[in-house]
Every structure is written in structure tokens, then in C-alpha cells.
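Visitor: Spelled out, the chains give:
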Amino acid sequence: MYLSREEERVLNGEEGWAYQVAMRILVKLGDLFEADKLIPIESAHISGVSYKTIGDASIEFLEALGESGAKVKVRSTMNPAGIDYNHPEEMIRVPEIMEKQDRIINIYKSMGIETVLTCTPYYINKPKENTHLAWAESSTVVYANSILHSWTNREGGPSALAAALIGKTPNYGVHKPENRLAKVLVKVKPRLKSEAEHGALGAHVGKLLKDEIPCFSGLTHTRETELKHLGSAMASTGMTSIFYPDTSCPRISGELEVVSVDVNDLKNTFDSLSTTNESPDMVYIGCPHCSAEEVKRVALKIEGRRVRRDVKLWICTSRYVRKKAERYVGIIEAAGGKVLSDMCAVVTWLKEIGIDVLMTNSAKTAYYAPTMNRVETIFSSLDKCIEEACE
Amino acid sequence: MNILFFDSGGKALPIVLKGRPIMGGRTRGRALVSKDPLSFLGGVDPETGRIIEKNHDLNGEKVGGAILCFPHGHGSTVGSYVLYSLVRRGIGPKAIVNEKADPVVVVGAVIADVPMVDGVDISKIRTGDLIEVNGDEGIVIILEERSSCT
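In order, the protein sequences belong to chains A and B.
Counting from 0, one number per residue, gives the positions in the first sequence under numbering that gives the first Met the number 0.
Counting from 0, one number per residue, gives the positions in the second sequence under numbering that gives the first Met the number 0.
These are calculated hints, taken from the structure and not from any lab test.
Careful: at least some of the hints might be erroneous.
With a cut-off of at most 20 Å between alpha-carbon atoms, the simulated SDA-like pairs for lysine to any residue come out as follows [said to hold, decoys possible]:
| # | chain 1 | residue 1 | chain 2 | residue 2 |
| --- | --- | --- | --- | --- |
| 1 | A | K70 | A | A17 |
| 2 | A | K209 | B | G74 |
| 3 | B | K34 | B | K61 |
| 4 | A | K99 | A | P369 |
| 5 | B | K99 | A | Y171 |
| 6 | B | K17 | A | L31 |
| 7 | B | K99 | A | M238 |
| 8 | A | K206 | B | P36 |
| 9 | A | K209 | B | H71 |
| 10 | B | K53 | A | P369 |
| 11 | A | K209 | B | S38 |
| 12 | A | K209 | B | H73 |
| 13 | B | K99 | A | E33 |
| 14 | A | K209 | B | P70 |
| 15 | A | K72 | A | F32 |
| 16 | A | K209 | B | K17 |
| 17 | A | K209 | B | D135 |
| 18 | A | K323 | A | E292 |
| 19 | A | K209 | B | D35 |
| 20 | B | K93 | B | G118 |
| 21 | B | K17 | B | D135 |
| 22 | A | K99 | B | P20 |
| 23 | A | K209 | B | K61 |
| 24 | A | K206 | B | K17 |
| 25 | A | K206 | B | I140 |
| 26 | B | K53 | A | M371 |
| 27 | B | K99 | A | G172 |
| 28 | B | K34 | B | E46 |
| 29 | B | K99 | A | E211 |
| 30 | B | K53 | A | A333 |
| 31 | B | K99 | A | F32 |
| 32 | B | K17 | A | K70 |
| 33 | B | K53 | A | R373 |
| 34 | A | K300 | A | E351 |
| 35 | B | K99 | A | E292 |
Derived coverage of chain A by chain B (criterion: at least 3 residues anywhere in the stretch with Cβ under 8 Å from a Cβ of chain B; other residues may be distant) [unchecked claim]:
| # | region |
| --- | --- |
| 36 | 27-37 |
| 37 | 355-361 |
Per label pair, the in silico range of CB-to-CB distance [claimed, not checked]:
| # | chain 1 | residue 1 | chain 2 | residue 2 | range |
| --- | --- | --- | --- | --- | --- |
| 38 | B | K99 | A | A333 | 21 to 27 Å |
| 39 | A | I38 | B | G24 | 52 to 58 Å |
| 40 | B | D135 | A | I38 | 51 to 57 Å |
For every residue, glycine included, the Cβ atom is placed at its ideal position computed from N, Cα and C.
If we strip away everything but chain B, and leave its shape as in the complex, we get:
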């Protein structure tokens, strides 16, 4: 594996977080991290990819191109189709990292063909971190922390 090493606040990078493989595939991108569960139906605008769920800590953020990290999904199973549609239109997340996968998001990741890992302590990841998701092995690697890339 070819990983660049950064020094950030004394913490050794990369940090490898082990989880469970849900949907295969490997990708890198900036993390968009939430403490709140997310409903794709009604919570994400299918036209823009913007999070519109009320009182959500990512309200107003766009999921497009990000590696979306959130505890788990909730709400209607139609949410799976919304995730599919976002990805098809090129405004969906590049990968998904959950603490505990739920059926709505899993089915969405399957039909949209988006790498997904669960069982990861997402409190270790911060919005803006450069991370790699390996959906085949079920691991997430923090390559570069936000502070070091500003």
C-alpha cells in the first residue's frame, strides 16, 4: 500500500480504523462527519445533494464527492433509492462509513455501488480529514488530518 505520511499534533498517521466490509470498492476523499443519524428520504435534497434534515449537524452541507460518515441511517426505505439517484447524478457520496449499518443505507449502497464500511468509531474522524475507505477489507484509513492540509 502506498500511503503518504503526515505529522499532525504528535499523532502518527496514517491511523487505521478496523470495521466490517459492507460494500466492496476502494476510494479516497475528504470526510464529512456527523454525530446524527441521517434519513436520505426527506433528509437529503435529491436535486442538489444538500442535507436538509432539520436540526441535523450537517444541515446545509452537500454530500457530493465526500466520504460520508454518520452513525446510522433512519427513516423510510425509499431512502435507498434516493442514495442511488444521488450517485447516478454525480452528486452522491464517494463512500459511506457508519457505526452501525442499517438496511436502508446498506441497500442504497448496494444498488448505487458505493463502497461502505461499518463498525467504525467515527468520532476518530473529523470533517475535512483525507481518508481512504476500503470496502473489500472493511477498513478506513485516516491519511491526513484537516489541520495539516490548510
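Okay, chain A solo, but in the shape it has when bound:
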């Protein structure tokens, strides 16, 4: 990979250890994937924030970077943490955990990363079309490439952080137009109704395709919310970082490989995302974090009703959306639900706060929670989730 004289200087440690390590990460990844050069990025989104997922392992490394005075060069945001400090009554009450989570957030903050702890930073600041980003968090990546038409590889926590510190990323993968071409046509036979069915479709297709880029035919709802659920599920079961919701897209020359999805495929995947028939201790909406529109949908559905005493209803979103949808937050909380921000169910300590069965409209959560949180799952539409949560 070509490096400018300035980049060489950083790699040689002339700007200090932290930038040297960051540059070394980018150069090694660039060499690995045969990038030709580093390209400037508009923004970075950093994963690896929840103490539950990153544990003590990363604190040492992040702290060393932070203490060296390293600062990000571009606007950078971070993923949800494990704690909403504004709702301590809902959280795990272990002082050591509260303290370590706070430490992690503060290290990132000291590097200049905005304390916007969400997996949907695009509701707050939309990146421009056709600009290069270095975003981590697979659902965020897929959304950026597929719905916002920005360009980002599927970064990990460390590589997104390195890119943020340097302000650049190696030019490979979907930063190159020839790697953004659809290779597979997914013909969807059933007419999908809910966001959950879009999630199930995503989970099914992700498993089939691995990292190949699909375009879809037969999707009738191509609204943002449905596509967000489709993409996040696809990125969970597979390695895809981009999809096209219809067939008017750049594609490889010649015939596309065709994959058909029929009613049974969808039903089987949908059913496989539930692991129990028991009744839930928690109903969870907010993976990926809710848009203002989704908060409103929950509010309209729950208005005038009461959340059952034996069930927690969690709606997770960013602080920004929570504020924007304040009126609807009021309605949900009056009914006994909780609208939480800065965190999400998957990256918090569910088992430790007494949750054994989690009901959700998120295929991504239903896919991860049995292993990451050791809980049973019930996967259903938003409407059915709210129905189950209420008296």
C-alpha cells in the first residue's frame, strides 16, 4: 500500500505511540486486503463500548491510547453501552460494573468521540451520499451502505478507532465501486407484512449468502424501518455489508445467481428465532435503536393501556430520538414502559437483572440473545409484542 511522506512519519512513530499503533493497524489491514492507499473518511463509528462485551481485556489498551493524548481527526460516534445512567432502577446494580462502564465511556470521550451512544447515529447526523466512512457495528454498516448510499467496510471496534485517530481508512472492499455490485437476485415470494418478517427474511438470506451482495425483488414495503430490520438481521447471520432493496442497482455483468424465498423458508426462519413458548419477563423493542417513528408506533399502540406487572417493557433508542419523541415517550412511560437510551438489551446484563425469557420484534436480538445473554427468546411483530406486554 502506498503511503504519503506524512503517513510514513506517523507509522515511524514521529507523532507518538498511539498514532503509530493506529497507523500500523490501518497499514496491516490495507496490506491484508490489498488496498492501494489510504483514503480520507467523513466520520467514524466505534463499536466495543459496553463493558459486558469488551470486558477488562480492552480497558488496558484503550486507557493506554487515551492517556497518550490521542484524539480523533473526524466526527466520531460510539455504540450503545451496557448502562443507562438516567435509569439506574432498571440496571444491574453492581458498583464495579457501573464504575468500569463509566471509565470506558470516559476514555472514548477523552479522545474526542461524541458521547452519542447509539447504533443508529444516522438519525442524528446523516452522512452524505458517496462519501467514505469507517463505521463499525454491522447493522450500522449495512444501513449506511444500503439505505444512505455512503461507503463503509464492515469495520471492527479497533479498526474503526484506528481510522478515527488517523482520519483515513485503507481503500479496499466496498470503498471500490466494483465491489459494490449485486451478485445475487433474491426473489421474495411472500408479501411481507411486519418489520419482524423483514428481519426473518434478512436472517434467512444472510445465512445463505455469507458475504455476497444481494438485490431483492418482491419487497412491497421499502420503508426505512423495514429495511433497517432486514439489513441488521442479514448482517447478523451473514457477512454482507450491503444490499439493494430492488433490482435497479449496479450489478455484475451477465446473469445474477437467483435465490427464491418462499412462504416456508420465511416461516421456518421466523419460527427458529423463538426458543420457547413460555411467557416473557421482558418485552424489548429497540434493536437496532428505534427511530422517532418507531417510538411513536409503540406509543399509539399502548396509549391508555397498562404494562403487566410481571413484565418489563423496554424501548431502547438514542438520547436524541428520545428527546425528539418526548411526547410519545410520555405516553409509553405513563403505561408503565421504559424508554431507555445509551444502551440496549443485548449488551446489558439481562440474566443478572432476572430476565429468563425475552420477547422482541428484532431478528438480530432473537439471533444473539440465547448465546450472548443466555435467555430464551420469543420472536414476534411489534404489534404482538406490545399486546403481550399489556394487561
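Assemble the complex: chain A is given as a structure, and chain B must be docked to it using the hints.
Guide: For chain B alone, kept in the frame of chain A given last:
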């Protein structure tokens, strides 16, 4: 290069396996070889360095001090930090040999400063073999086979 020659089952030692340099540095140690991909997050206990990934062929083995040979990494990118932490605590691998390097392990090797080579046919290496990893040149040398050192 100063290499001791051993005779093992008619095969001439040392055997030199050519690969690709990923992370520089040169070290010798006993190989710990797996046929299965490894996730450092959730697959290796950060307190002990023991492999805890379910159904993994090295389940129960400790990576500390070994030259860890496996096809490639998988799983969360937090795995890079786990590798860093293991090495910092002195319970990490001395070097890493992969068939195909993936970003999680590469970034882990970079921040932990562990020699790493990929593009090597690891089926030629057996657990217990004494091997040398040269991360600058991208080569792995089998110096002594397990059977000859018992």
C-alpha cells in the same frame, strides 16, 4: 541461521514452510495446532488463557507460551483486545500461524506485538513440534518433531 538438525521418521528436518509476513518478530516454541477456526472473544478465557470454545479441538488447552497455529479467526472484533490482554498478562501465545489471516487476529497481533505469519499449510505442523516463526520473512520452520523429543 543456526538450526539443529534432528532425524525424525526419515523426514529431513528442518522443514521450511513459506508463508506471508503479517507481523514482524522472530521466536521459537512448541506448536499448539488446531483444525478449527478460533474466536478470541468467548473462545479463550481472558483470565487463564484456556480455550473454552465449545466443540473446539483445543478445548481445555492453554495458549500461554505456545505458538498457536489455527486456520483463521472468527467472531467479534473485540477478540483483538482479548489477544492484547492475554499477551500483556503473560498468558498469550508467543506467535501466531494462520492459513488465512482475518482482521480480528491481525489487529490483535499488531496491538499485542506478536509475530504472525499466514499462508502456511498448518496440517504439516503437529502439536508439540518445536517450531520457529519468522514474522519478518513470513516463514515457519519445523525444527524438531514431537516424537523425537519425548
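Visitor: CA of K99 of chain B to CA of M238 of chain A, is that 20 Å or under?
Guide: 17 Å, holds
Visitor: Need the status of pair K99 of chain B, Y171 of chain A: alpha-carbon distance at most 20 Å?
Guide: Distance ~17 Å between K99 of chain B and Y171 of chain A Cα, so the pair holds.
Visitor: Is the straight-line distance between the alpha-carbon of K53 of chain B and that of P369 of chain A 20 Å or less?
Guide: Roughly 15 Å between the alpha carbons, so the hint for K53 of chain B and P369 of chain A holds.
Visitor: Straight-line Cα separation of K34 of chain B and E46 of chain B no greater than 20 Å?
Guide: Outside the cut-off at roughly 24 Å; violated.
Visitor: Going straight from one Cα to the other, do K93 of chain B and G118 of chain B come out at no more than 20 Å?
Guide: It holds: about 18 Å lies between the C-alpha atoms, which stays within 20 Å.
Visitor: Between K209 of chain A and H71 of chain B, does the CA-CA distance stay at or below 20 Å?
Guide: 16 Å, holds
Visitor: Assess, step by step, whether the Cα of K209 of chain A is no farther than 20 Å from the Cα of S38 of chain B, and give holds or violated.
Guide: Given that 20 Å is the threshold and the Cα spacing comes to 18 Å, the pair holds.
Visitor: What's the verdict on K209 of chain A and H73 of chain B, does the C-alpha distance respect the 20 Å limit or exceed it?
Guide: 13 Å, holds
Visitor: Checking one constraint from the list: CA of K209 of chain A to CA of K61 of chain B, max 20 Å. Satisfied?
Guide: Violated, at roughly 31 Å.
Visitor: Take a look at whether the Cβ-Cβ distance between D135 of chain B and I38 of chain A falls inside 51 to 57 Å.
Guide: 28 Å, violated
Visitor: Please work out if K99 of chain B and E211 of chain A have their alpha carbons no farther apart than 20 Å.
Guide: 19 Å, holds
Visitor: Checking one constraint from the list: CA of K209 of chain A to CA of G74 of chain B, max 20 Å. Satisfied?
Guide: 14 Å, holds
In this structure, the hints that do not hold are numbers 4, 15, 16, 17, 22, 23, 24, 25, 28, 30, 32, 34, 35, 37, 38, 39 and 40, in rising order.
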